[in-house]
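Go ahead and model the full structure; you've got the sequences and the hints to work with.
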Amino acid sequence: MNQKELAEIKQAILKKVEEFDTFACLVSDPDEDAIASGLAMEEVLEQLGKNVKLYTSYDVEDYSYLPRSEKYIHQDIASVDLSIFECLIFLDCASPERVLLPHARIEEFKLPDNVFVINIDHHETKEPFGDLNYISTSLSSSSEGIYDIFKDKVKLTPSLSTNLLAAIIGDTDCFKHTAITTPKTLRIAADLIENNAKHKLIIQNIFYSFAEKVVDLNIDAIKNIKVKQVGKYRYAYATFNPKKFGFTDVTRDQRALTQENVIRTIKGIDFSIVITPLEDGIIKLSFRSSNVYVRPIGEHFGGGGHNEAAGATINMTEKEFWQKLEKYLETAELPEIKN
Numbered sequence: 000m001n002q003k004e005l006a007e008i009k010q011a012i013l014k015k016v017e018e019f020d021t022f023a024c025l026v027s028d029p030d031e032d033a034i035a036s037g038l039a040m041e042e043v044l045e046q047l048g049k050n051v052k053l054y055t056s057y058d059v060e061d062y063s064y065l066p067r068s069e070k071y072i073h074q075d076i077a078s079v080d081l082s083i084f085e086c087l088i089f090l091d092c093a094s095p096e097r098v099l100l101p102h103a104r105i106e107e108f109k110l111p112d113n114v115f116v117i118n119i120d121h122h123e124t125k126e127p128f129g130d131l132n133y134i135s136t137s138l139s140s141s142s143e144g145i146y147d148i149f150k151d152k153v154k155l156t157p158s159l160s161t162n163l164l165a166a167i168i169g170d171t172d173c174f175k176h177t178a179i180t181t182p183k184t185l186r187i188a189a190d191l192i193e194n195n196a197k198h199k200l201i202i203q204n205i206f207y208s209f210a211e212k213v214v215d216l217n218i219d220a221i222k223n224i225k226v227k228q229v230g231k232y233r234y235a236y237a238t239f240n241p242k243k244f245g246f247t248d249v250t251r252d253q254r255a256l257t258q259e260n261v262i263r264t265i266k267g268i269d270f271s272i273v274i275t276p277l278e279d280g281i282i283k284l285s286f287r288s289s290n291v292y293v294r295p296i297g298e299h300f301g302g303g304g305h306n307e308a309a310g311a312t313i314n315m316t317e318k319e320f321w322q323k324l325e326k327y328l329e330t331a332e333l334p335e336i337k338n
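When you line the sequence shown up against numbering that gives the first Met the number 0, it's residues 0 to 338, in that order.
Do not take every clue at face value.
Within a straight-line C-alpha distance of at most 20 Å, the following computed EDC-like cross-link-like pairs (lysine to aspartate or glutamate) qualify [what the hints assert, rightly or not]:
1. K227 with D269
2. K49 with D75
3. K222 with E317
4. K9 with D147
5. K3 with E123
6. K125 with E4
7. K266 with E335
8. K9 with E85
9. K150 with E7
10. K212 with D248
11. K49 with E17
FRET-style restraints, in silico, Cβ to Cβ [as the list claims (entries may be wrong)]:
12. L47 with N195: 19 to 29 Å
13. A103 with G245: 15 to 25 Å
14. G301 with E7: 26 to 36 Å
15. L200 with F108: 16 to 26 Å
16. N195 with S63: 12 to 22 Å
17. E335 with T181: 17 to 27 Å
18. I72 with T264: 31 to 41 Å
19. K323 with K15: 39 to 49 Å
20. N223 with I72: 30 to 40 Å
21. E211 with D20: 21 to 31 Å
22. A103 with N50: 19 to 29 Å
If you are wondering where the hints come from, they were derived from the structure by calculation, not from laboratory data. Note that beta-carbon positions come from the ideal geometry of N, C-alpha and C, so glycine has one too.
Structure representation (structure tokens):
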């Protein structure tokens with residue numbers, strides 16, 4: 000979307016928010032952007048005098064450091080009666096199914112016909128699902144979209160500023176993802192810090208507060224890093240074993256030690272892959288790069304994301320995945336990241 004289209008959608012969203020009274024905010028599987036953006040949106044609506052419920056299908060205890068984290072209702076969203084609300088606001092979701100648990104029956108999840116849907120996101124989306132969609136890949140995060148739309152309508156309290164900044168820092172990996180860190184993003188971050196965002200609290204909790212078993216999980220993955228050449232692409236990869244360490248899943252933040260601080264730093268690779276086998280044959284894939292676009296790889300496996308960071312969830316064996324990946328890379332033409 001261009002800036003003119005975004006400006007028009009912004010005004011339409013503000014009009015609808017003024018019109019409705021009851022809202023449900025729904026967020027994708029947890030990372031800083033999803034969880035903090037949900038908290039920010041909930042506070043924005045509360046400041047505007049609205050009745051709002053904030054839902055997540057996931058346990059968000061790791062994000063309890065965020066202001067107002069107690070506002071989250073932890074409930075499988077597939078079991079929530081969404082028809083009782085006038086408006087649903089999806090955050091950080093390229094598709095509505097992103098709010099569900101990995102093993103949910105996606106085909107049974109339908110949005111109510113009588114409810115208005117707003118989607119605020121920064122992922123490439125082939126088919127926007129909202130009645131109003133504020134979507135731009137130029138945004139650093141969904142949080143930046145919330146800031147753009149509502150900054151002149153509410154007060155930037157310390158809690159709101161902290162949640163907006165946490166989302167930005169989390170999704171840019173402290174501004175290291177150059178493709179989504181723009182001068183505007185940095186100006187917004189400065190504004191939030193000037194409005195008493197708890198910068199130190201955010202940095203401490205995102206980057207320096209890993210539980211011992213999370214460190215052990217990453218050490219195990221790091222020990223098994225491998226590098227491979229297929230066609231013209233050289234990539235590094237590692238596999239997480241969540242069951243071995245008592246996890247049912249591994250969040251992006253929990254695998255960051257390996258993905259962002261080790262495997263991605265290997266000199267001479269074009270991109271990196273982290274795979275996480277879950278139950279029932281489901282595998283989560285995560286791709287990172289500073290050299291070539293990895294979004295096309297994510298899309299090839301039914302997912303998506305950004306040029307530097309993408310992912311997918313697949314239902315196949317690891318052997319099948321590696322075979323399909325190698326076949327794809329033999330003829331793939333991945334654009335270079337220029338900026």
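Structure-based check of each hint:
no.	hint	in the structure
1	K227 with D269	holds, 10 Å
2	K49 with D75	violated, 23 Å
3	K222 with E317	holds, 18 Å
4	K9 with D147	holds, 8 Å
5	K3 with E123	holds, 18 Å
6	K125 with E4	holds, 17 Å
7	K266 with E335	holds, 16 Å
8	K9 with E85	holds, 19 Å
9	K150 with E7	holds, 16 Å
10	K212 with D248	holds, 13 Å
11	K49 with E17	holds, 9 Å
12	L47 with N195: 19 to 29 Å	holds, 21 Å
13	A103 with G245: 15 to 25 Å	holds, 23 Å
14	G301 with E7: 26 to 36 Å	holds, 31 Å
15	L200 with F108: 16 to 26 Å	violated, 35 Å
16	N195 with S63: 12 to 22 Å	holds, 20 Å
17	E335 with T181: 17 to 27 Å	holds, 19 Å
18	I72 with T264: 31 to 41 Å	holds, 39 Å
19	K323 with K15: 39 to 49 Å	holds, 42 Å
20	N223 with I72: 30 to 40 Å	holds, 38 Å
21	E211 with D20: 21 to 31 Å	violated, 46 Å
22	A103 with N50: 19 to 29 Å	holds, 27 Å
Checked against the numbered hints listed earlier, the structure breaks hints 2, 15 and 21; every other hint is satisfied.
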